[in-house]
Amino acid sequence: MKKITGAEILLESLKKEKVEILFGYPGGVLLPFFDKLYDAKEPRFILTRHEQGAAHAADGYARATGKVGVCIATSGPGATNLITGIATAYMDSIPMIAITGQVGTHLIGNDAFQEADVTGITRPISKHNFLVKDVKDLASTIKEAFYIARSGRPGPVVIDLPVDVQKAYFEFHYPKEVKIRSYCPTTEGHKGQIKRIAKAIEKAKKPVFYVGGGVILSGANEELLEIAEKTQIPVTTTLTAMGAFPETNPLSLGMLGMHGTAYANHAVQDSDLLVAVGSRFDDRVTGKLDEFATHAKIIHIDIDPSSVSKNVAVDIPCIGDAKCILKELSKAIKKNPDTKNWLSKIADWKKKAPLTYKKDDKLRPQYVVEEIDRITKGNAIIATEVGQNQMWAAQYFTWKKPRTFLTSGGLGTMGYGFPAAIGAKLGRPDKIVFDIAGDGSIQMNIQELATAVSNKVHVKIAILNNGYLGMVRQWQELFFDKRYSHTNIDIANCPDFVKLAESYGAMGLRVTKKKDVRAAIEKAIKEPNTVLIDFRIEREENVMPMVPAGQAINRMIGGMA
Amino acid sequence: MKKFTLSVLVENKFGVLARIAGLFSARGYNICSLNVDETEDPSISKMVMVVEADEKTLEQIKKQLNKLIDVIRVVDLTKEKEKKNG
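As you go down the protein sequences, you meet chains A and B in turn.
Take 20 as the starting number for the first sequence in the working numbering and just add one per residue.
Take 79 as the starting number for the second sequence in the working numbering and just add one per residue.
Just so you know, these hints were derived from the structure itself, not from any lab.
Fair warning: there could be bad hints in the mix.
[Stated by the list, open to error] With a straight-line cut-off of 30 Å between C-alpha atoms, the simulated DSS-like cross-links for lysine-lysine are:
1) B:K80 to A:K162
2) B:K141 to A:K346
3) A:K37 to B:K145
4) B:K80 to A:K329
5) B:K145 to B:K157
6) A:K224 to A:K249
7) A:K370 to A:K420
8) B:K141 to A:K22
[What the hints assert, rightly or not] Negatives, chain A to chain B, calculated, CB over 12 Å:
9) A59
10) R142
11) P269
12) N512
13) A568
For every residue, glycine included, the Cβ atom is placed at its ideal position computed from N, Cα and C.
Can you make the complete structure from the sequences, with help from the hints?
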């Protein structure tokens with residue numbers, strides 16, 4: 020059988036895994052691989068301008084398509100530049116492969132040029148990692164890596180590939196099957212547990228579905244809709260699950276937690292049965308733990324046993340895949356709970372404390388978000404940066420479909436949105452893709468304007484520009500006596516974003532008046548180019564309501580008492 | 079707080095010890111004692127560790143260990159050890 024190099028084996032293995040796009044940046048120890056890539060017709064290679072951009076792009080691609088995102092960087096600084104992107108994917112359980120070149124095996128541990136202990140550094144922030152020391156292990160390692168990344172609770176897997184392994188020759192056999200004796204994720208839920216959950220639901224008077232990102236990862240949105248409508252149980256979603264349940268449905272409570280709706284938080288605090296599906300009781304959601312859902316029996320359906328009873332004691336756990344379990348659970352419910360009074364109580368709360376902002380003639384960020392939603396008819400894919408921009412996007416878009424909201428929830432990485440939007444647009448070219456950004460966040464990966472323009476990836480960036488690091492400024496206003504310590508990046512000290520966009524060959528637009536918002540968004544969408552819109556919004560607008568850190572979630576600022 | 083004894087079967091590969099040690103240090107669990115040895119199957123190693131924790135934390139430790147790709151099985155030896163010693 021013909022022998023090929025490790026570099027070719029890598030390329031052929033990626034093709035076997037049906038990888039369509041590879042995001043990355045070359046370097047010395049990747050020369051063998053890049054030489055093979057030069058003649059390759061697939062996968063398509065997207066050169067970013069920073070390795071962090073490659074990692075976030077692979078992440079955005081994965082979130083938008085459901086496929087495994089793949090990025091590649093060279094050794095040393097190339098690999099360390101991927102760290103934030105890998106950690107971002109890890110915290111949100113995104114299936115991703117990060118390939119890093121490494122110095123030759125005989126040099127590892129020698130403090131060689133551009134050497135870094137990548138397996139050591141990425142160990143705590145990856146689902147698993149591999150250092151391939153022998154070319155004969157390369158193909159099977161790649162197969163295992165992809166399997167680990169996409170199965171069970173998904174996550175990023177790092178493959179560290181020394182340059183001499185890329186140059187070594189071996190026969191290429193891509194394994195047909197993969198079996199890891201120490202890793203067997205559970206898919207089907209225990210029948211007995213499902214029966215117990217069904218009984219608890221039948222008896223409940225004030226049940227709530229608390230839905231997390233796991234429902235989107237599992238592709239369980241249809242099963243969720245079916246069971247919610249059958250049982251008439253209201254549904255609240257976490258930040259990473261926006262779109263898992265259509266917000267146009269009267270059972271939708273919107274987002275819960277620190278910046279969730281008042282009615283979602285009150286529903287949870289008042290409920291007698293909380294059915295958590297694919298969520299992990301994160302501190303942004305629970306607020307003060309010993310005051311969280313104190314009247315409720317807690318059901319937890321999740322694929323990861325370590326998430327169960329980690330923060331909140333669970334009464335009935337059920338380990339497995341959300342899609343599988345929700346399907347069986349729906350069948351097991353013989354009598355629907357009587358939720359009429361509960362739903363009318365919630366409808367009352369919705370009337371008393373809807374999400375709201377001041378509607379005057381000033382240019383406010385919530386209006387910009389609503390207009391983007393309206394003009395794109397809710398069919399766009401929205402990526403966000405982190406902070407106020409992220410919260411306003413979560414609150415003011417009407418989320419209807421899964422895989423349309425790409426946001427760094429767990430790690431909260433500023434600079435995530437723009438490269439993620441690029442990855443998403445490449446994965447779903449038929450969709451309009453917007454990045455909702457802040458003036459601080461957008462500067463973190465602004466160099467990716469070159470990536471977008473040169474690859475004709477027509478992403479639209481909406482900067483909600485208030486001249487501040489908005490979310491931190493809000494906390495300083497509310498809890499630190501308005502002592503704005505190093506959060507003022509005001510217009511005078513900010514770059515001229517329009518000129519900056521144009522310098523990269525993108526289109527730049529500026530909006531300073533509310534009446535010009537609509538036209539700018541329409542122009543941006545029409546333009547066959549990457550477009551950046553600098554919206555000069557009200558400087559000290561706050562995200563409301565807000566649960567202060569460490570408070571119970573029904574004690575909101577800006578919500579009902 | 080109590081001392082618990084866990085026997086963990088792992089893949090005999092480089093990095094596995096670092097992974098387990100990293101898991102413990104990252105979450106603030108303390109390892110009181112640790113013994114690692116190859117088993118009759120050279121591809122499998124056995125780690126016997128004594129950890130100091132409360133019941134709730136021990137449950138999390140066992141779950142987090144099981145989550146690791148290279149961990150084959152986790153067995154709580156505490157009761158057996160107590161029987162032997164008590």
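Verification of the hints:
Between K80 (chain B) and K162 (chain A) the alpha-carbon distance is near 42 Å, which puts this suggested pair outside the 30 Å criterion. With a C-alpha separation of about 26 Å, the suggested pair K141 (chain B) and K346 (chain A) falls inside the 30 Å cut-off, and the hint holds. Of the pairs offered as hints, the one joining K37 (chain A) and K145 (chain B) holds, with about 27 Å between alpha carbons and a cut-off of 30 Å not exceeded. Between K80 (chain B) and K329 (chain A) the CA atoms are separated by roughly 19 Å; this keeps the pair inside 30 Å, and the hint holds.
A distance of roughly 23 Å separates the Cα atoms of K145 (chain B) and K157 (chain B); the hinted pair therefore holds under the 30 Å criterion. As the CA atoms of K224 (chain A) and K249 (chain A) are separated by approximately 15 Å, the hinted pair is consistent with the 30 Å bound. Straight-line distance between C-alpha atoms of K370 (chain A) and K420 (chain A) comes to about 25 Å, which keeps the hinted pair within the 30 Å bound. Taking the CA atoms of K141 (chain B) and K22 (chain A), the gap is about 43 Å. The hint is violated against a cut of 30 Å.
With a least CB separation of 30 Å from chain B, A59 (chain A) remains clear of the 12 Å interface cut-off, as annotated. Taking the minimum C-beta to C-beta distance to chain B, about 5 Å, the non-interface status of R142 (chain A) is violated against the 12 Å cut. Distance check for P269 (chain A) against chain B: the nearest CB is about 38 Å away, which clears 12 Å, and the non-interface claim stands. With a least CB separation of 38 Å from chain B, N512 (chain A) remains clear of the 12 Å interface cut-off, as annotated.
At roughly 21 Å, the least C-beta separation between A568 (chain A) and chain B is larger than 12 Å, which holds for a residue marked as non-interface.
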